[in-house]
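Here my numbering is used: the first residue of the sequence shown is 80, the next is one more, and so on.
FYI, nobody ran anything at the bench for these hints, they're computed from the structure.
Be aware that one or more of the hints could be misleading.
What follows is a set of in silico ranges between Cβ atoms, one per label pair, in the way DEER data are often shown [claimed, not checked]:
1) D373 to K208: 24 to 30 angstroms
2) A209 to E236: 44 to 50 angstroms
3) E416 to K95: 49 to 55 angstroms
4) D398 to R284: 49 to 55 angstroms
5) T211 to G290: 17 to 23 angstroms
6) A216 to E196: 17 to 23 angstroms
7) E196 to E337: 21 to 27 angstroms
8) G290 to R227: 31 to 37 angstroms
9) L85 to N408: 33 to 39 angstroms
Below 30 angstroms or equal to it, Euclidean Cα-Cα: the simulated DSS-like pairs (lysine-lysine) are [claimed, not checked]:
10) K208 to K159
11) K162 to K234
12) K208 to K95
13) K358 to K199
14) K208 to K99
15) K234 to K330
16) K358 to K330
17) K159 to K199
18) K350 to K320
19) K369 to K358
20) K124 to K99
21) K99 to K330
22) K99 to K349
23) K99 to K159
24) K349 to K124
25) K336 to K208
26) K384 to K369
27) K369 to K320
28) K350 to K132
29) K99 to K132
30) K95 to K158
31) K336 to K323
32) K124 to K158
33) K330 to K208
34) K132 to K208
35) K158 to K234
36) K99 to K384
37) K99 to K358
38) K208 to K350
In this text the structure is predicted, and so the values were computed from the model without any measurement.
Built from N, CA and C at the ideal position, the CB exists for glycine as well.
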Amino acid sequence: MEEDGLYYFGLEADDKGFLKIAGEEVCVKDGIPPHGRLELDTWSKNLKAGYYKVQLLCINEEYSPTSGNAIAFNVTMDKKPIKEGNYSGDSTMKRTFTASSKMKLWTIVKEATITCEESKEVEIGFDEKAPTISNEARDCIITPIMPRVFVTPCKDEVADVCRLRVAHVSCGTEVLIRTGGYQDALANPPTTEVEAIIAVECMNREQARGGALGWSTREASMAHEEHHRQRWREAYQLYWKHLKVQEELEKENVSCKEYPDMDQALEAMKKTVADWEKKFFNTTSEYVRKLPDDANSRPYCAAQKVLNEATGSIIALADANGWSRVPRNVTVPGVTEPVCFLPPGQR
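Construct the complete structure from the given sequences, taking the supplied hints into account.
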């Protein structure tokens, strides 16, 4: 890669195609029978400038010199999202991947010329999907995703060793919001004065109770889980630096005499990468578990802050309907920041 940035990759294959970058399988595609019309598999990542080992593989099980079955294998890289190809009839050959102008696709160099450049500090990238919403009457859940550290090999000609360079690190979380345990005060507001009284009292106590009961909102649940998600983001960033993961990985090396091929050298160092991924994850997890998640804790204060908007709307509804017995007070949210307030190394 000639510069740091977000890169998009696309692959089409008939029958099967694989694209690996820095030893990681990033695009895998099977052609759709009858082996004529192809579909697209894509991948994107923030990558640092530098050399990456690229491997391409195409398999066509239906091809023979007399079959008339063409082999189709298309790979592209761009700074814009890759789109489906434009087809001419059933042809796999006349296509464009995207309307954007192409970058230079690959620069082929000999392994002997891939020498170690100066290390560049890598910041964590977060791959996080939108929360999944369920109407189940159970607790919401946040699930951390095991970190993945992408590395590339390079040759230190002075020391005659192959070293690692960290190219990218990816972390994230998955969130499941369950809304079946309460009545949503925004989606289905109270219709009577008694309901409004109960709703305001329930929602004003969510922070002190440490959970939703009777009445709440999906937005408050999402605010609570978003606070947890932010904890993971900040904890990962904290321990990436505290453990010096990049520094430790880039100390790893193997002898070029023992492993003259860079693929072999990278394979020999992969266990170290996996061990550091596990240590990074486990240490971060221990820290996050020490952060409170009970009554009046910061995640519930974050939920209360958002929930107060719904409480205010019910009070406005009570004013409009002349429901004088509905409480007019709104709970003052507690402290929500900083999200990660314990020092690193806290056990």
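Status of each hint after checking the structure:
no., hint, verdict
1, D373 to K208: 24 to 30 angstroms, "27 angstroms, holds"
2, A209 to E236: 44 to 50 angstroms, "47 angstroms, holds"
3, E416 to K95: 49 to 55 angstroms, "50 angstroms, holds"
4, D398 to R284: 49 to 55 angstroms, "22 angstroms, violated"
5, T211 to G290: 17 to 23 angstroms, "20 angstroms, holds"
6, A216 to E196: 17 to 23 angstroms, "55 angstroms, violated"
7, E196 to E337: 21 to 27 angstroms, "23 angstroms, holds"
8, G290 to R227: 31 to 37 angstroms, "34 angstroms, holds"
9, L85 to N408: 33 to 39 angstroms, "48 angstroms, violated"
10, K208 to K159, "20 angstroms, holds"
11, K162 to K234, "36 angstroms, violated"
12, K208 to K95, "28 angstroms, holds"
13, K358 to K199, "22 angstroms, holds"
14, K208 to K99, "24 angstroms, holds"
15, K234 to K330, "13 angstroms, holds"
16, K358 to K330, "16 angstroms, holds"
17, K159 to K199, "24 angstroms, holds"
18, K350 to K320, "21 angstroms, holds"
19, K369 to K358, "17 angstroms, holds"
20, K124 to K99, "13 angstroms, holds"
21, K99 to K330, "24 angstroms, holds"
22, K99 to K349, "15 angstroms, holds"
23, K99 to K159, "20 angstroms, holds"
24, K349 to K124, "20 angstroms, holds"
25, K336 to K208, "44 angstroms, violated"
26, K384 to K369, "23 angstroms, holds"
27, K369 to K320, "19 angstroms, holds"
28, K350 to K132, "18 angstroms, holds"
29, K99 to K132, "8 angstroms, holds"
30, K95 to K158, "25 angstroms, holds"
31, K336 to K323, "29 angstroms, holds"
32, K124 to K158, "10 angstroms, holds"
33, K330 to K208, "34 angstroms, violated"
34, K132 to K208, "28 angstroms, holds"
35, K158 to K234, "28 angstroms, holds"
36, K99 to K384, "46 angstroms, violated"
37, K99 to K358, "25 angstroms, holds"
38, K208 to K350, "29 angstroms, holds"
Violated hints, in rising order: 4, 6, 9, 11, 25, 33 and 36; the structure is consistent with all others.
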